[in-house]
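Chains A and B, in that order, give the protein sequences. Using the numbering used here, the first residue of the first sequence is number 1185, and each one after it goes up by one. Using the numbering used here, the first residue of the second sequence is number 230, and each one after it goes up by one.
It cannot be assumed that every hint is accurate.
[Said to hold, decoys possible] Output of the computed footprint for chain B on chain A, the stretches with three or more beta carbons under 8 Å from beta carbons of chain B:
id	segment
1	1412 to 1422
2	1514 to 1523
3	1557 to 1564
4	1569 to 1576
5	1669 to 1678
If you are wondering where the hints come from, they were derived from the structure by calculation, not from laboratory data. Ideal placement from N, C-alpha and C gives every residue a C-beta, glycine not left out.
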Amino acid sequence: MNKQKNTKLRTGAGSLLAAALAGISAVATAAQPAVQPPAAQDAFWWRPGSGETMPAQMAIRNANGALGIVNADGAVNTRGHPFFEPIGANGRACVTCHQPSDGFSLSLKTVTERWAESGGKDPLFAMVDGANCPNLPPADPASHSMLLEHGLIRVAMPWPYKKQFDAFAAREPEFTIEVVKDPAGCNLDAEYGLKSANPTISVYRRVRPTTNLRYVVDPSYDLSGRFNNKTGVPLPVDPATGKHTGLPIMSDGRADTLEVQMQDAIRNHMQGMNGELTDEVIAQIKDYESQVYSAQISHNVGGSLVETGAPPALGPYALASGRSIINGNNWRSPTFMTFEAWEKDKPANDREAFRASVARGNQIFLERPIWISEVTGFNSIGMGNPYKRTCVICHSVHMTGNDFAPGVMDLGVNNEPWANAGEVLENSHLPLFKLTCKPEARPHPFAGREVYTHDPGRALLTGLCHDIGSLVMQPMRGMSARAPYFSNGSAKDIAAVVDYYNARFTMELTDQEREDLINFLSVL
Amino acid sequence: MKARDLLVRKLLPCMLLTAMHYAIAEDTANLKAPASQRNFVTCPIIMDTEDVPCWVAEYEGERYYLTVQTGRGGGATVFPFAGMVNHEMLVEGTVTDEPRICGGIVLREAKLSPMTDVTPGCGKVVPGEGYRTKGPRPIGPDGDPPGPRETTAIRVSRGPSRDELAAAYAAAVEKRAARTFQVNYFFDSNYLPFPLEQRTVDEAARYAAEIDASKVKITGYRGRTVLSTGGVVEEQTGLARARAQKIADIFAFFEFPADRMEVAWNEAAEDQGGVRDFELRRATIEVLP
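Okay, chain A solo, but in the shape it has when bound (with noise of 0.2 Å):
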């Protein structure tokens, strides 16, 4: 990533938002840059190839309010352009999973809206991850249900692993698996089933977003030299830079560098190319992605989230103008800076009101002390188990609230018993796996010998009992564009995102409480 893009922001149908970003990047959003936001416009489907020019700055409508675009480098002509282009041999293009109007992700409603207006014949509705499996009948929704109803993607797994996705991956698996439940009827199907001729474990997750990725792939500040702290072992490499990289690319960290992600995409998404995977080719998605900041930038009740004297955090044009590797766990700099301007005792009106609620959503995401319990990656790497400290201590990149600190975690959203809210794990639409690590492996360290799983994550590329269930943090930004949550879409919306948290580490939570924190993600 390029820290200079910041600075070297084009002219031209851009320019007087270049200018006004550019000024205020030396102060690193200490205020919001006085820019005129553009009208928002209905969300609409972003047809791969339609060539169209995207502006340098868009405002579009979601439930709660807009999400707001900005391209740092000026409009985009995207006739042509690799990641708006169907480029893979099903049609698809980058676009097709990664909408504008989803916060460069794909919500739920985008899918179902597709579905209708499509006829299911869109090639997001590939057979190949579009649908539980690949040999279902496709014109049946039913085939497609993971997708339709809970906005998932089939992500098929060989199994065992293959040993490249991580240097210190197990020699041998420490774990069996067994399905022990397949609603969507791939793992246990002779084609494409675990026990097929080329053995493939399917699991079902969420799309991430391809946006305000300065924040998320530049090198994190590496708190122990070259380690991940986490694991206790060396982070990859990217064989481009030399430098390490700290996975946070997909939801296992199984592409170590956007342009692994790439090729991943292309692959397994795409089906191929349609012409060649160059360097120039992905030196232009990478470029693009390199520059598209998108959060939300009004709100029904809130009003306008950049306005003069808002809170600098907010909106799409404080982080494309904002500083990157900044640990946000800190006074001097925390994750989404100061709400202070928004903090009335006795608020005037209903926005004056909600924009109260929302910074004091901040202070209990800064400040309410929680005992973090039973994450693996956190609680067991000699912190203690539980650890009493509050949401940023995880949530800690400054400006978008992923993990500042290198490496995957287990938060629980796959395993038993904290998956589902402590629902029956049978019950789920999800399919359930059990793996029984082997006498001599070290187990799980919180779910022990024998773990019923959703999702193995990580483990099924290190094949150790440790990383089961353990996935890369998302960014917090857009969130309002992009329903459900989780990496396993378990939470359908922000409240959901909210409880899950209020069970799952006892915050014992007032009504009030919650509902700050809900109106706080809402607007990040």
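Add chain B to chain A, keeping to what the hints say.
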């Protein structure tokens, strides 16, 4: 029921040892840690004190203070080993006559190692009984608002400054001196504890590369701890080799030539008679010019 009674009555049943990954050696029953030491396996207790949580343990009806929750926000700048609820915990410490903290006899330099296997119900959070750990930073983001980094509850080792360390490193490189690095572990674990031991291995690898070392000798060991109750707990066989091999793998990852590495291990479990036995749970890295 008073909180302290709660500790004893509710937690003692869970102290019954379950299936263990580590071993209790049968032929060492006559060994016993000296009276100055408290080495025992127990369930962790975390007191939810008014500021930063306080880790204590019960042994023979007496409460021992182990540490406060660590991490910068907790008032400390280091991460001594810490236990995990739902795991038994090996405590190794030296008895002091310092004023009690959190109602417990102070064990200084207590090393806490969570045992490998999950033991459901072992350990819990209990009320703080009005104790404070004497005003370290509040729970929350690191840094300001300020509070003392060091309190009576935790002492931060004042080692060489960062500049001094850098100068010493540069001097060693200049002389191409032979250096030996020691790596310490949790009991029965091959995880390189964050952050100190990871830094040690990192520095060793950097140093070997920088002086173009002619040889790096990596030796893994496994340890055992003489208990205050008598007998020992012993790390699993094979751990000495695994420790050495993992460090060798790390050196290989950093592209140190395999033909210049000498990897050895000593699977004979070692102790120091119950005094700082944790020092022998180690691996050594000798970097030769």
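Here's how the hints hold up against the structure:
Counting residues of the segment 1412 to 1422 of chain A whose beta carbon lies closer than 8 Å to any beta carbon of chain B gives 6, which meets the minimum of three for the stated coverage. Counting residues of the segment 1514 to 1523 of chain A whose CB lies closer than 8 Å to any CB of chain B gives 4, which reaches the minimum of 3, so the coverage claim holds. Remark: the segment 1557 to 1564 of chain A is confirmed as covered by chain B, as 4 of its residues place a Cβ nearer than 8 Å to a Cβ of that chain, reaching the required three. Closer than 8 Å: that is the beta-carbon criterion, and the segment 1569 to 1576 of chain A has 7 residues meeting it against chain B, so the requirement of 3 holds.
Beta-carbon proximity to chain B at under 8 Å applies to 0 residues in the segment 1669 to 1678 of chain A; the threshold of 3 is not reached and the given coverage is violated.
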